[in-house]
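So the chains spell out like this:
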Amino acid sequence: MDRVAIAGHATYGFEGDTGQRSDTEMMLEASMAALENADVTHEELDSVIYTGQDTYDGAAISDGQRVSAAGGYRKPFMRVQNGGGSAIHQATAKILSGKADIVSIVATDSVRADPRKLSWTSHEALYHRPFGQSNDQSFGLLATAHQEERGVTVDELARVAAKNYEAAAENDVAHRQEAYSVDEILDAERVVGPLTELMLRPNSFGAAVCVLVSEEVAEAKGNARSWISGTGLSTDRYWYREMSRRLEQPTLEKAAAAAFDEAGVSIDDVDAAEIAAYSPTLELTSYEALGLCEEGASVSLVEDGVTAAGGSFPVNLSGGPLATSPPNAGGIYRAIAASQVIEGELGDVDADRVLLADNDMHLGEPGRTDAVLVLEGGAA
Amino acid sequence: MADEPDPSVQTGDVNPEYKYPFHWDLDFSLNIGEDNRKFFDAIEDKKLLGKRCPECGATFVPPQSVCVECYVETDEWVEVEQRGIVESYTACFFEFENLPEPPYITAAIRIDDSDICLLHFIDDIEYDDHYELVEKLHKGTEVEPVWADEREGHIRDISHWRPVE
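In the order they appear, the protein sequences are chains W and R.
Just so you know, we're using the numbering used here here: the first sequence kicks off at 135 and counts up by one.
Just so you know, we're using the numbering used here here: the second sequence kicks off at 590 and counts up by one.
Quick caveat, the hints were computed from the structure, so don't treat them as lab data.
Just to be clear, a hint being listed does not mean it is correct.
[To be verified] Stretch by stretch, here's where chain R covers chain W in the computed footprint (C-beta under 8 Å, at least three residues):
hint, region
1, 265–273
2, 310–322
3, 364–378
4, 498–512
[Unchecked claim] Straight-line C-alpha distance at most 16 Å; calculated EDC-like pairs for lysine to aspartate or glutamate:
hint, chain 1, residue 1, chain 2, residue 2
5, R, 627, R, 746
6, R, 725, W, 282
7, R, 728, W, 282
8, R, 627, R, 665
9, R, 635, R, 670
10, R, 608, W, 151
11, W, 233, W, 350
12, R, 636, R, 733
13, R, 725, R, 686
14, R, 635, R, 686
15, R, 728, W, 376
16, R, 627, R, 644
17, R, 725, R, 738
18, W, 388, W, 370
19, R, 608, W, 248
20, W, 251, R, 616
21, R, 636, R, 670
22, W, 251, R, 686
23, W, 209, W, 180
24, R, 636, R, 668
25, W, 251, R, 690
26, R, 608, W, 159
27, W, 251, R, 684
28, R, 636, R, 754
29, W, 251, R, 614
30, R, 636, R, 746
31, R, 635, R, 733
32, R, 728, R, 690
33, R, 728, W, 283
34, R, 627, R, 668
35, W, 209, W, 178
36, W, 355, W, 170
Heads up, the beta-carbon is just placed ideally off N, CA and C, and yes, glycines get one too.
When you get a sec, could you build the whole thing from the sequences and use the hints?
So, in structure tokens, the structure goes:
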């Protein structure tokens, strides 16, 4: 079977502000750097996929305004709103189907909006929005269920966050680069239920671009940085049922199963992971959904340092979404981070195979789409 | 809240930091469909209705036009008991426009034997400290609706839910 490689990538940012740059300026800089990093020219680029959402773009049908900066004019240009993981899944499909050899996936974040209104625009209008249901509220409901049904304590949730901040402190690109202690995390401002501000992601601003190429191009140019050997997608229904089911993260489990099947591997063959966990609850339950441990045993993976930067299965060497979370560009950045782990550019780990678990939960947990990619090392 | 945009700033103004403020001021309307209309008509009369799947028998409150498990249209209306069970809840310490002063409780409530939950406020809880508020509820707490005096066919015709004594 033909393979798809990540041949180049670049970021701009990420910080709490854009540093006077506009979204198109940041995207242009990252896009040009990524093409150069991949050793491909704009003329060679077959197609561009933009990933973002209207509310975080500040404009509707906004890809039209970003075509030029993304290098997409007079080329097939597609917008995907489910996040960077889904966009990479679609780009991979496009290459494997023979529709393209070189695809660039781009995203940028520069719009600052009022969270008193914006954060609930993605929720259902009749039965959820009138009560302020938002992305943070949905994480709060899950965190409460996690405490009540699995006995997880707020201290344990804080230790998950502290583990991520410790990794982020070593990542030059991270937005939050301070190794916050457990006490600092617990003492931060309370937002929803047991979750404090430091147990929830910041809004990061910047841009991320990733260039995928076919195996044929990778062999000709010798530019493969990592290989995408498996992809999977799964979408949940939009409504609330048993919270225990949501804690099981069935869509993540299904997406991972599809990706593992395509790659011909299991979680036992994976060395590290980047997981889009927007709260500590989601990171712990992801360990279980991915098969890293049995249900209820995830806390011990953190307590024993298994998923820490120096552990046997590091999770979020980038610091994860708690450290860096651009709403539009987050998934692409996490894919870049996963590739960097394989390339030996992020963390001190010798990893041959890294899992990326992305989703669109920056918009809230109900109706989520999970995207899982298996990345591998090896020469073209 | 850090860096709140000022809604009074108009699109024509550029602030000293060269950020260009703008806002969307759009009214949307949504066709709520026959099922929701029937539910809200009933709620105005202080009744709670659900809809049942003809194949698996699952009841959905609020009503759903399709059973996702069976992928068939639901066809039987039932009036359900005005009791609910808290599936999960969270205290919000964050201020939203047009919502109660924080902290307030939002809960996923399973009404009667519904197969899905309804989100709503839970109030009438006595507490001293804000953080103590979240310890007053648990998964499985039984709650009942408190109806608004004036109703207009809206989900907030139920003012809130309260724990059953």
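Hints versus structure:
Interface restraint, the region 265–273 of chain W with chain R: holds (6 residues with C-beta to C-beta distance below 8 Å; minimum three). With a threshold of 8 Å between beta carbons, the proposed coverage of the region 310–322 of chain W by chain R is violated, since 0 of its residues qualify and at least three are required. Coverage of the region 364–378 of chain W by chain R holds [criterion: at least 3 residues with CB-CB distance below 8 Å; count 6]. With a threshold of 8 Å between beta carbons, the proposed coverage of the region 498–512 of chain W by chain R is violated, since 0 of its residues qualify and at least three are required.
For the given pair, residue 627 (chain R) sits about 14 Å from residue 746 (chain R) by alpha-carbon distance, which is consistent with the 16 Å threshold. Among the hinted pairs, residue 725 (chain R) with residue 282 (chain W) is consistent with the structure: their alpha-carbon atoms are about 13 Å apart, no more than 16 Å. Between residue 728 (chain R) and residue 282 (chain W), the direct Cα distance comes to roughly 7 Å. Compliance with the 16 Å bound is thereby established for this hinted pair. Between residue 627 (chain R) and residue 665 (chain R), the direct Cα distance comes to roughly 12 Å. Compliance with the 16 Å bound is thereby established for this hinted pair.
About 11 Å separates the Cα atoms of residue 635 (chain R) and residue 670 (chain R), which keeps this hinted pair within 16 Å; it holds. At roughly 11 Å between alpha-carbon atoms, residue 608 (chain R) and residue 151 (chain W) fall within 16 Å of each other, so this suggested pair holds. Distance check on the hinted pair: residue 233 (chain W) and residue 350 (chain W) sit about 13 Å apart at the alpha-carbon level, within 16 Å; holds. A threshold of 16 Å between alpha carbons decides the hint, and for residue 636 (chain R) with residue 733 (chain R) the separation of about 13 Å falls inside it, so the pair holds.
Between residue 725 (chain R) and residue 686 (chain R), the direct Cα distance comes to roughly 26 Å. Violation of the 16 Å bound is thereby established for this hinted pair. Between residue 635 (chain R) and residue 686 (chain R), the direct Cα distance comes to roughly 27 Å. Violation of the 16 Å bound is thereby established for this hinted pair. Of the supplied pair hints, the one linking residue 728 (chain R) and residue 376 (chain W) holds, its CA atoms being roughly 11 Å apart against a limit of 16 Å. Restraint check: the Cα-Cα separation between residue 627 (chain R) and residue 644 (chain R) comes to about 22 Å, which exceeds 16 Å; the hinted pair is violated.
For the suggested pair residue 725 (chain R) and residue 738 (chain R), the alpha carbons sit about 26 Å apart, so the restraint of at most 16 Å is broken. Taking the CA atoms of residue 388 (chain W) and residue 370 (chain W), the gap is about 10 Å. The hint holds against a cut of 16 Å. Restraint check for residue 608 (chain R) and residue 248 (chain W): the C-alpha separation of about 15 Å stays at or below 16 Å, so the hint holds. Restraint check for residue 251 (chain W) and residue 616 (chain R): satisfied, since their Cα atoms lie roughly 14 Å apart, inside the 16 Å limit.
With a CA separation close to 9 Å, the supplied pair residue 636 (chain R) and residue 670 (chain R) stays within the 16 Å bound. About 7 Å separates the Cα atoms of residue 251 (chain W) and residue 686 (chain R), which keeps this hinted pair within 16 Å; it holds. Distance check on the hinted pair: residue 209 (chain W) and residue 180 (chain W) sit about 6 Å apart at the alpha-carbon level, within 16 Å; holds. A hinted pair counts as satisfied when its Cα atoms are at most 16 Å apart, and residue 636 (chain R) with residue 668 (chain R) qualifies at roughly 7 Å.
For the proposed pair residue 251 (chain W) and residue 690 (chain R), the alpha carbon gap of about 15 Å is at most 16 Å, so the pair holds. In summary, the hint linking residue 608 (chain R) to residue 159 (chain W) is supported, as the alpha carbons are separated by about 14 Å, within the 16 Å threshold. Straight-line distance between C-alpha atoms of residue 251 (chain W) and residue 684 (chain R) comes to about 10 Å, which keeps the hinted pair within the 16 Å bound. Of the supplied pair hints, the one linking residue 636 (chain R) and residue 754 (chain R) is violated, its CA atoms being roughly 21 Å apart against a limit of 16 Å.
With a C-alpha separation of about 12 Å, the suggested pairing of residue 251 (chain W) with residue 614 (chain R) holds against the 16 Å cut-off. Straight-line distance between C-alpha atoms of residue 636 (chain R) and residue 746 (chain R) comes to about 11 Å, which keeps the hinted pair within the 16 Å bound. As the CA atoms of residue 635 (chain R) and residue 733 (chain R) are separated by approximately 12 Å, the hinted pair is consistent with the 16 Å bound. At roughly 24 Å between alpha-carbon atoms, residue 728 (chain R) and residue 690 (chain R) are farther apart than 16 Å, so this suggested pair is violated.
For the hint linking residue 728 (chain R) to residue 283 (chain W), the alpha-carbon distance of about 8 Å falls within 16 Å, and the restraint holds. Note on residue 627 (chain R) and residue 668 (chain R): the hinted pairing holds, with a Cα-Cα distance of about 12 Å set against a maximum of 16 Å. The suggested pairing of residue 209 (chain W) with residue 178 (chain W) holds, with an alpha-carbon distance near 11 Å, which does not exceed 16 Å. As the CA atoms of residue 355 (chain W) and residue 170 (chain W) are separated by approximately 12 Å, the hinted pair is consistent with the 16 Å bound.
Checked against the numbered hints above, the structure violates hints 2, 4, 13, 14, 16, 17, 28, 32; every other hint is satisfied.
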